[in-house]
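Residue numbers (this note's numbering), protein chains in the order written: chain A, 216 to 425; chain B, 258 to 938.
Think of the hints as simulated: they come from the structure by calculation, not from any bench.
Note that this is a predicted model, so its numbers are computed, not measured.
Take these hints with a grain of salt, some might be off.
Said to hold, decoys possible - Derived Cβ-Cβ restraints for the label pairs, each shown as a range:
id : chain 1 : residue 1 : chain 2 : residue 2 : range
1  : B       : Pro-422   : A       : Ala-412   : 22 to 32 Å
2  : B       : Thr-667   : A       : Tyr-248   : 22 to 32 Å
3  : A       : Ala-254   : B       : Ser-754   : 51 to 61 Å
4  : A       : Tyr-303   : B       : Glu-288   : 19 to 29 Å
Said to hold, decoys possible - Capping the alpha-carbon separation at 20 Å, the derived lysine to aspartate or glutamate pairs in EDC-like fashion look like this:
id : chain 1 : residue 1 : chain 2 : residue 2
5  : A       : Lys-313   : A       : Glu-250
6  : A       : Lys-313   : A       : Asp-351
7  : B       : Lys-441   : A       : Asp-351
8  : B       : Lys-476   : B       : Glu-417
9  : B       : Lys-390   : A       : Asp-283
10 : A       : Lys-313   : A       : Asp-283
C-beta atoms are modelled at their ideal positions from N, C-alpha and C, and glycine is treated no differently.
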Amino acid sequence: MSRGTVKQPEEVPSAFAFDLESEAEIVRVLACYPEGRQASGVLPLLYIAQTQMRRQTGSGWLPRVALDAIAGRLGVAPIRVYEVATFYSMFNTEPVGKYHLQICTTTPCWLRGSDAVVAACRRVTGIEGWHETSPDGLFTMTEVECLGACVNAPVLQINDNYYEDLDGARTEALLRDLQSGGTLPPAGTTVERLNSAPEGGMTTLLDVTG
Amino acid sequence: MAMVKLTIDGEEVEVAAGSTVLQACEQVGREIPRFCYHERLSIAGNCRMCLVELERAPKPIASCAYPVADGMVVRTDSEMVRQARRGVMEFLLINHPLDCPICDQGGECDLQDQSFAYGMDHSRYAEEKRAVKDKYLGPLVKTVMTRCIQCTRCVRFATEIAGVPELGATARGENLEITTYVEKALTSELSGNLIDICPVGALTSKPYAFVSRPWELSKIDSVDVLDALGTPIRIDARGSDVLRVLPRSDDTLNEEWLSDKSRFAIDGLKRRRLDRPWVRRNGKLEPASWSEAFSAIAQRVPGARIGAVAGDLCDAESILALKDLLGNLDSDRVECRQKGESLDLSRREFYLFNSGVAGIDEADALLLIGCHPRHEAPVLNARIRRRWVESGLPVGTIGVVPSDLTYPATELGQSAAALLGLHGSGSVFGQVLRAAQRPMIVVGQGALLRDDGAAILASAWALADKVGALKPDWNGFNVLHTAASRVGALDLGFVSSGGIHSMLDDGVDFLWLLGADELDFAGIGRRTFVVYQGHHGDRGAARGDVILPGAAYTEKAGTYVNTEGRVQQGFGAVVPPGEAREDWRILRAFSEFVGRRLPYDDIDSLRRRLFEVNPVFARQGLSRFGITDRRGPEGDGRAIHDSALTPAIHDYYRTDAISRASATMAECSRIYAQPMPAAAE
Numbered sequence: 216m217s218r219g220t221v222k223q224p225e226e227v228p229s230a231f232a233f234d235l236e237s238e239a240e241i242v243r244v245l246a247c248y249p250e251g252r253q254a255s256g257v258l259p260l261l262y263i264a265q266t267q268m269r270r271q272t273g274s275g276w277l278p279r280v281a282l283d284a285i286a287g288r289l290g291v292a293p294i295r296v297y298e299v300a301t302f303y304s305m306f307n308t309e310p311v312g313k314y315h316l317q318i319c320t321t322t323p324c325w326l327r328g329s330d331a332v333v334a335a336c337r338r339v340t341g342i343e344g345w346h347e348t349s350p351d352g353l354f355t356m357t358e359v360e361c362l363g364a365c366v367n368a369p370v371l372q373i374n375d376n377y378y379e380d381l382d383g384a385r386t387e388a389l390l391r392d393l394q395s396g397g398t399l400p401p402a403g404t405t406v407e408r409l410n411s412a413p414e415g416g417m418t419t420l421l422d423v424t425g
Numbered sequence: 258m259a260m261v262k263l264t265i266d267g268e269e270v271e272v273a274a275g276s277t278v279l280q281a282c283e284q285v286g287r288e289i290p291r292f293c294y295h296e297r298l299s300i301a302g303n304c305r306m307c308l309v310e311l312e313r314a315p316k317p318i319a320s321c322a323y324p325v326a327d328g329m330v331v332r333t334d335s336e337m338v339r340q341a342r343r344g345v346m347e348f349l350l351i352n353h354p355l356d357c358p359i360c361d362q363g364g365e366c367d368l369q370d371q372s373f374a375y376g377m378d379h380s381r382y383a384e385e386k387r388a389v390k391d392k393y394l395g396p397l398v399k400t401v402m403t404r405c406i407q408c409t410r411c412v413r414f415a416t417e418i419a420g421v422p423e424l425g426a427t428a429r430g431e432n433l434e435i436t437t438y439v440e441k442a443l444t445s446e447l448s449g450n451l452i453d454i455c456p457v458g459a460l461t462s463k464p465y466a467f468v469s470r471p472w473e474l475s476k477i478d479s480v481d482v483l484d485a486l487g488t489p490i491r492i493d494a495r496g497s498d499v500l501r502v503l504p505r506s507d508d509t510l511n512e513e514w515l516s517d518k519s520r521f522a523i524d525g526l527k528r529r530r531l532d533r534p535w536v537r538r539n540g541k542l543e544p545a546s547w548s549e550a551f552s553a554i555a556q557r558v559p560g561a562r563i564g565a566v567a568g569d570l571c572d573a574e575s576i577l578a579l580k581d582l583l584g585n586l587d588s589d590r591v592e593c594r595q596k597g598e599s600l601d602l603s604r605r606e607f608y609l610f611n612s613g614v615a616g617i618d619e620a621d622a623l624l625l626i627g628c629h630p631r632h633e634a635p636v637l638n639a640r641i642r643r644r645w646v647e648s649g650l651p652v653g654t655i656g657v658v659p660s661d662l663t664y665p666a667t668e669l670g671q672s673a674a675a676l677l678g679l680h681g682s683g684s685v686f687g688q689v690l691r692a693a694q695r696p697m698i699v700v701g702q703g704a705l706l707r708d709d710g711a712a713i714l715a716s717a718w719a720l721a722d723k724v725g726a727l728k729p730d731w732n733g734f735n736v737l738h739t740a741a742s743r744v745g746a747l748d749l750g751f752v753s754s755g756g757i758h759s760m761l762d763d764g765v766d767f768l769w770l771l772g773a774d775e776l777d778f779a780g781i782g783r784r785t786f787v788v789y790q791g792h793h794g795d796r797g798a799a800r801g802d803v804i805l806p807g808a809a810y811t812e813k814a815g816t817y818v819n820t821e822g823r824v825q826q827g828f829g830a831v832v833p834p835g836e837a838r839e840d841w842r843i844l845r846a847f848s849e850f851v852g853r854r855l856p857y858d859d860i861d862s863l864r865r866r867l868f869e870v871n872p873v874f875a876r877q878g879l880s881r882f883g884i885t886d887r888r889g890p891e892g893d894g895r896a897i898h899d900s901a902l903t904p905a906i907h908d909y910y911r912t913d914a915i916s917r918a919s920a921t922m923a924e925c926s927r928i929y930a931q932p933m934p935a936a937a938e
C-alpha cells in the first residue's frame, strides 16, 4: 500500500490524556453500561478519543498511546482495544488529514456516478492513491464500502458529515472551499430536496391532506 | 448428571448434557477433523472444519460449538459432510502457501494431514494469494504468518492459559492478522506451548528451525528435571543429539503444557560439557584418564573425613549409589539441601506438595508463602490461574512478588512476620482460609532458605491445622520445591543433621559433589579436596580437584520424585558425550577401585536396593491422601524475623548448569530478565 506522505515522527504522540470535554463524555457514556460491564464501552471511548485528537491536532486518528489509555480506563488488556480499533474502518490507526474524505464506491454509488466524485477529489487534492494524504495535510482519501445512504448516492463522507447527491462539479466546489479555508457546510444532500424526498418537491400522495 | 441420548452414524450414544456434538462423536470413536477447536481452550468455532450433518438442520453444523440435545441424529461421514469439509478445506488453502517442503511443521501438520482426506488434488484459485508480514514474538517462537489459518488457538492460549493477553487478531476479513500489534516478545514462561497448539506452521520453534524432520527422530519418554514438577516429556533425538523436548500429557500433572526452560534449555546439553576426566595438578586442571582420576581420588580417601553433596538435577539411583559409597567409606556426612534449606524430614508430609497438582482444581483458597510459582513451576502456576478463572480462587501472598502471577492476589505483606498475623482472628485473609473447604497453603523455597525457615514451616503447618487444611480427606499443606532431585534425595535420607553449613564448618576435608553447583563455594575450606562428578563445567567443576564426567538427564535412565512425591522413571535418549558415563556406574566403578564394592551390577539390582531403602520408590505415580496425624514439624513460629521474604529464583531462565550453558536461555534472560522499568502507564 503506497502512502502519499510519510508519517512524520513528531506526528506520533508519546502520551495521551483525555481532556475535560472527553472526560465529561466518558462519564456519560460509561453510565450507560451495567456495573462490571464497562469494558463494553470500548467503541464510544474510541470515538471520543479520535474526536479529541481531531480537536487537538486537526487529525482524527488513534495513536497507540490513546488505545492504551482506553485500555487502562476500561481495565482490559491493550490488545483487546487494538483488536477493536483495527476492526472498524471508522477508526483511523494512522494520521489522516484535517478533512478525511471517505468516498463510497460500492455499486449504488458507483452507478450514480462515484467515479466523477473520486476524479474531482483527485483533481482538487492532488492525491493519486488511496489512504494517502495531500502534501498540505488537509485531505486524506479513503475508499469505503457502502455508507448506508444509497438512496442519496453518490455519497462522500468528510469527517463526521455525509454529503449526498454529489456530482463532479459540486464535489470540486465543496473541496475548493475547504482548501481556501472554508468550514464544513451543513451535512446532507447537495441538491434541491428534503432528505431523501424527490427533487423539486413531492410527486406522489399529493391528495393527502393534513 | 443429566444425560442426553442421540444417534451418531446409526449408533445410539448417551452423553452428559452440555457436551458438544464433537465430544459426543469422539465418545463413539468418530474422529472429527478440526483446527480451531482445542479441548483445553474456549470454543471459537471459526475454522468450520468440524462440520457434521444434523438431521432436519438446513445445513451442516459446526460440531465443536453445537450443544447436544435429546434425539439428535448426526451423521459424520455422509456425502454432504464430505462435500462441506472439502469446501472448507479449499477455502483454508486459498491463502495458505504451498511451502510444505520448507516448513518446519511438515510431517506433523494438522493442515497437511487433513488435506490428505479433504483436499483437492489441484487448486481452482487463480487470484493472488495474500501475504502477511511475520511477527516478532521473542527468541523462542518463530512466526511465518502467511501460513496462519486464523484458528486463534494462540490468542486463546495466551489469554486463557498463559494469562498474558498480548496476542490478538487485528483488522478483519482479508486483512485479519494475528499479532501483538506492538513489536514485543511474549512475556510468558509457557510460550513454547504456542508451537504445539498451532495446527499449521505459522508458529514454530525458533531454536529448532530447519533442524530436522519429525520422522528422523527417535522418541523417548522421560521426565523433566529443570523444575521440581517432574513434567513428563518426550525427548526427540537424532543420533547423539537431543533436538527437541516436547511435553507428554498427564491430566493430573501438566495437562499438556511444558515450561519454556524445560523445552528450550536443551541446547545447553551440547555446551560446556565435561566429556573426559580432569585432575588438578599444581593448581591447574589437566585432562586425565579414568584410572588416573580414580587413583587421584583414592589416594585421598584413607583417613579423610568425607562428605557428599547431591545437586538439583540428580536421579535417585545415583544419589543412592553415592550414599552407599560413602557408607562403605564409613561416612554419613551427606547432604542434598545445597543452600541450607530448612526441612523437617521426620515425616514425608512435611516436605511434599501434599494436595497434589490436581488438588489445585479443588482448592477454594490459596496462600503462597515465599513462593513465586510463575518462576518456580510455570505449569503449576497455569493450573492455579485456571482455578482462578473457573472459580475466582482467592490467593494471598506473603513475600516479595517479583512479577505478575497472572491472577490477582492479595499481598498480605512482604515480611515473613505477616504469616503470624494470619493466625489471629482479625485477619481478613485468615477468615477466607478458615471459611474455605479445601484451603491450600504453599511454602516456597524462598521461605525455607532463611535461617528462620524451620519457624516459617512450623508456623505454616500450624496455620494449616488452624484453618482446617489438614483433614482425613484433604491435606492442604504444601512445600513447592525447585530442584527435581530434592524429594528423591530426602526420601533416601540424603541429609545430615545440621545441614550443609554444619557439614562444611565441621571441617570435611574431602567433598564429593554429585552435580552440586548451587552451594556456597566460598564456604568450602581452602584445603578441602573436592571431587566434582557431573555433566557441565559449571560452578562445581570450577572448584573441583578431580572432575568425573557424568551424564545429563537425557543420557541416563533415572528415577525422579517430584514435589508432590510422585515417583517417575525416565529413559536415556542418547549416550553421554565422550568418556562421560552414567553416574551410578561411575560410583559403582570407583567403589570397586577402592575395594569397597557396591552390591549392584545393573540398574535393576540398583532399583531393587532403592525399593528396599524406601518402599515409596516401588510405587510409580501418585496416590493422594488426606492426613490424620496433625502433629507439625519442629520449629517455633515466634522465631520468625520481621524481614522481607525474597523469592528463591532470581532469573527463571538461568537456574542450573544446563540452562546456564544454553545460548537460548541466555538470550531469553537478556530479553526478559532485565530489571523491569517502572510500569510506563
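Assessment of proposed distance window 22 to 32 Å (beta carbons of Pro-422(B), Ala-412(A)):
50 Å, violated
Hint check for Tyr-248(A) and Thr-667(B) - Cβ pair distance inside 22 to 32 Å:
27 Å, holds
Pairwise hint evaluation, Asp-283(A) against Lys-313(A), where the allowed Cα distance is 20 Å at most
The given pair, whose Cα atoms are some 24 Å apart, is violated under the 20 Å limit.
Please work out if Lys-476(B) and Glu-417(B) have their alpha carbons no farther apart than 20 Å.
30 Å, violated
Is the distance from the Cβ of Ala-254(A) to the Cβ of Ser-754(B) consistent with 51 to 61 Å?
The hinted range 51 to 61 Å holds for Ala-254(A) and Ser-754(B), with Cβ atoms some 58 Å apart.
Range agreement (Cβ of Glu-288(B) with Cβ of Tyr-303(A), hint 19 to 29 Å):
39 Å, violated
Within 20 Å, alpha carbon to alpha carbon, are Lys-313(A) and Glu-250(A)?
Given that 20 Å is the threshold and the Cα spacing comes to 37 Å, the pair is violated.
With a cut-off of 20 Å on the C-alpha distance, tell me whether Lys-313(A) and Asp-351(A) pass.
10 Å, holds
Does Lys-390(B) pair with Asp-283(A) here, judged by a C-alpha cut-off of 20 Å?
Roughly 23 Å between the alpha carbons, so the hint for Lys-390(B) and Asp-283(A) is violated.
Taking 20 Å as the top limit, are the C-alpha atoms of Lys-441(B) and Asp-351(A) close enough?
34 Å, violated
Taken one by one, the earlier hints fail for this structure at numbers 1, 4, 5, 7, 8, 9 and 10, listed in ascending order.
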